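Q: Protein chains in written order, with the working numbering: chain A, 8 to 195; chain B, 8 to 195; chain C, 8 to 195; chain D, 8 to 195.
Derived by calculation from the structure, the hints in this document are not laboratory data.
Please note: incorrect hints may appear among the correct ones.
Identical copies go unnamed one by one, so any copy, or any two together, can satisfy a pair.
Unchecked claim - DSS-like cross-link-like pairs, simulated, lysine-lysine; straight-line CA separation at most 27 Å:
| no. | residue 1 | residue 2 |
| --- | --- | --- |
| 1 | Lys161 | Lys41 |
| 2 | Lys161 | Lys67 |
| 3 | Lys154 | Lys105 |
| 4 | Lys105 | Lys170 |
| 5 | Lys67 | Lys170 |
| 6 | Lys154 | Lys170 |
| 7 | Lys67 | Lys41 |
| 8 | Lys105 | Lys24 |
| 9 | Lys24 | Lys67 |
| 10 | Lys174 | Lys24 |
| 11 | Lys154 | Lys41 |
| 12 | Lys174 | Lys33 |
| 13 | Lys154 | Lys174 |
| 14 | Lys161 | Lys105 |
| 15 | Lys33 | Lys161 |
| 16 | Lys170 | Lys41 |
Only a predicted model underlies this, so the values are computations on that prediction, with no experimental measurement involved.
Here are the chains, one letter per residue:
Protein chains: 4
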Amino acid sequence: MNTRPLFIPVILGTVRKGRASENVAKFVFSEVQKHEGVETELVDIRDLNFPVDDAGEQIKNIAFSETCERADGFVIVTPEYNHGYPGMLKHVLDSNLKEYIHKAVGVCGVSAGGFGGTRVIESLLPVFRELGLVTIFWDGNFSGAQKLFAADGKILDEATHAKRIDKFLGELIWMSKVLRYGRENVSI
Amino acid sequence: MNTRPLFIPVILGTVRKGRASENVAKFVFSEVQKHEGVETELVDIRDLNFPVDDAGEQIKNIAFSETCERADGFVIVTPEYNHGYPGMLKHVLDSNLKEYIHKAVGVCGVSAGGFGGTRVIESLLPVFRELGLVTIFWDGNFSGAQKLFAADGKILDEATHAKRIDKFLGELIWMSKVLRYGRENVSI
Amino acid sequence: MNTRPLFIPVILGTVRKGRASENVAKFVFSEVQKHEGVETELVDIRDLNFPVDDAGEQIKNIAFSETCERADGFVIVTPEYNHGYPGMLKHVLDSNLKEYIHKAVGVCGVSAGGFGGTRVIESLLPVFRELGLVTIFWDGNFSGAQKLFAADGKILDEATHAKRIDKFLGELIWMSKVLRYGRENVSI
Amino acid sequence: MNTRPLFIPVILGTVRKGRASENVAKFVFSEVQKHEGVETELVDIRDLNFPVDDAGEQIKNIAFSETCERADGFVIVTPEYNHGYPGMLKHVLDSNLKEYIHKAVGVCGVSAGGFGGTRVIESLLPVFRELGLVTIFWDGNFSGAQKLFAADGKILDEATHAKRIDKFLGELIWMSKVLRYGRENVSI
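This is chain A alone, in the form it adopts within the complex:
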């Protein structure tokens, strides 16, 4: 089996000013970095400057597409806006197709209220499936996200959250590894 490190970027999926998801993404990113044999990168969709006068593969951002092409798995950190996904996250995701096929994705849902972004996660399932991604069955759930972090952006109850994210990342790494094996060794 391939022993090359896995590449699992963390995508921060909102451009909203004051987004609590930024702290969540940084926390999850630092947790991914603790895993040996996993390379990562924090991708902030705000920095990608996608055009908004067109949509789909026509507006590919080469650097982002290369990141997706190279990835074995993804963490998507996304707030829940009106029980759905942020428009700009979808706008960005729709710019690739074959780059995602047979790769793993795990979602961290972020919400102001108490339900841990469960609804944005449900809403992404059909999209990820159509893109060829496999959504793992562990989620990150960050309820009341504005209150989870200190002023300097550090998570307050680190032990609890690190433990949960560890379970989530364990599953994501497993699925990323298994699908990479499939892509490299099993023909259709």
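Please build the complex by placing chains B, C and D on the supplied structure of chain A, with the hints as guidance.
A: Frame of chain A; chains B, C and D shown alone:
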């Protein structure tokens, strides 16, 4: 009962170049215009120039918010992108909240393939509900949308499509009227 | 406007032994009874004895269909089983069609875990829409449901829950009233 | 890599009398049988006689649970009832949990109308994910299902349907193989 005309704008929900949804929106718009007692307007989200460095009510477009405030019902014409809604449509919808409450919405799903945009319609249901909109149970379904129109943008099989949209608009007008009655006469 | 009392039955949507939803349904039922001008009834799907060798309108239970026919609105109390609805609830709901049209429904989601049945609520939206029901945009959410009630079935923190359910019922009653006005006075 | 045959049962997911899904299931079952290295079995949920006075793992049917335990992948053939899944299918699926983990599933949607059961497929995605199943991104879509078969149950346009199901099964076999490799060789 209030006899003021209903106002039901048609929202063209994609910025994509070459969008088949534009012809669909124009066709539906012309059908709405045939209904006495209904005023309408074609709103192309491409013309709204929403900023993309923030999201939500912070980026309200005053003209669009006034249109939504004045509306009794909405037609949303939307393509299906990877089994979900176009990012820019969601980005625009998320800019209002109270403007939508207790109003009706009908969806025209547009797809290149054969399933009439059924999946984008399903994906919008939780969003519309959270926004306070009531999604009617008739849909417009435009399968193989690129082939439904002549080069000049006129629908080819007008009789069939007009008949279907008539059913759809009948239900949308009913729900718009009933909810307006409620907003104006029934206290919570 | 019609001043006949509204009829809003509460449906207990699971047959599972040890169901926490039974206490939730009884609590909500007692709250509905406090509303003047609203008649109600607690319908336990366990008592309906639907056959399971067929499905759909063929297996109509006359008493249940009459209850639905007479209803102006519904409260559905449902646990979340594997992020979806209980099979027996769907089996029962599918036995009617025209009985539901242009009526209101509110959902109380019940979960063992912390997310208040949000996912079963999302999963019911397409079904209710197709049945002609209007799902209101307030929900009842009962997280950790086994711990919310005393041994005798009384809710522990009555004040908090009564206040929340009052908001929910206010909206449900509004929508039931408005749609009844529409059914009785507005032609399609 | 393990060369033991894969086991991929086909589940016929409705008890409704006159179900068109029965012909679909038999057709798909016969296509699966053509694949070397794949064992299969047609499971008709009507034959399972699940009790309906309880729900979940408490009502396990031992033979069915053993089939699920042994399976590497599943084909679910399901009609769309009111834009959702048949109640009895969910009732049956909910009786297992660990039996499904890290296995593949493909869905054949069956509809009377023209949209190929797309909506029942979308509605199953959250359920399958929570059960630990990976839903592949090819579907079987059987629109107008009553008209696709001769009186003797044989599919009319066999060439077209066999070609499509071949693509679907190719993907399902790939995912079943890859996940089996993972279950047997990759630790979490």
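Q: Since the copies are identical, ignore which copy is meant and state whether Lys24 and Lys67 lie within 27 Å (CA to CA) inside a copy, between copies, both or neither.
A: both (24 Å within a copy, 14 Å between copies)
Q: From the Cα coordinates, with 27 Å as the cut-off, is the pair Lys170 and Lys41 best called within, between, both, or neither?
A: within (13 Å within a copy, 45 Å between copies)
Q: Measure nothing new, just compare the shortest in-copy and cross-copy C-alpha distances for Lys33 and Lys161 to 27 Å and report within, between, both or neither.
A: within (9 Å within a copy, 44 Å between copies)
Q: Checking Lys154 and Lys41: alpha-carbon separation at most 27 Å within a copy, between copies, both or neither?
A: Intra 25 Å, inter 37 Å, cutoff 27 Å: intra-copy only.
Q: Tell me, please, which holds for Lys161 and Lys67 at an alpha-carbon limit of 27 Å: within, between, both or neither?
A: For Lys161 and Lys67, neither the intra-copy (34 Å) nor the inter-copy (32 Å) Cα distance is at most 27 Å.
Q: At most 27 Å between C-alpha atoms: does Lys161 with Lys105 qualify within a copy, between copies, both, or neither?
A: neither (36 Å within a copy, 34 Å between copies)
Q: Pop the pair Lys154 and Lys105 into one bin, within, between, both or neither, using alpha-carbon distances up to 27 Å.
A: between (38 Å within a copy, 26 Å between copies)
Q: Between copies, within a copy, both or neither: which fits Lys154 and Lys170 at Cα up to 27 Å?
A: Answer is both; intra-copy 19 Å and inter-copy 25 Å each pass.
Q: Using 27 Å as the alpha carbon limit, work out where Lys161 and Lys41 are close: within a copy, between copies, both or neither.
A: For Lys161 and Lys41, the Cα distance is within 27 Å only inside one copy (16 Å; across copies 48 Å).
Q: Could you figure out if Lys174 and Lys33 sit no more than 27 Å apart (CA to CA) within one copy, between two copies, both or neither?
A: within (18 Å within a copy, 38 Å between copies)
Q: Taking 27 Å as the upper bound on the Cα-Cα distance, should Lys174 and Lys24 be classified as within, between, both, or neither?
A: Neither: 30 Å inside a chain and 31 Å across chains, both beyond 27 Å.
Q: Using 27 Å as the alpha carbon limit, work out where Lys154 and Lys174 are close: within a copy, between copies, both or neither.
A: both (23 Å within a copy, 26 Å between copies)
In terms of the numbered hints stated before, the structure departs from hints 2, 5, 7, 10 and 14, listed from lowest to highest.
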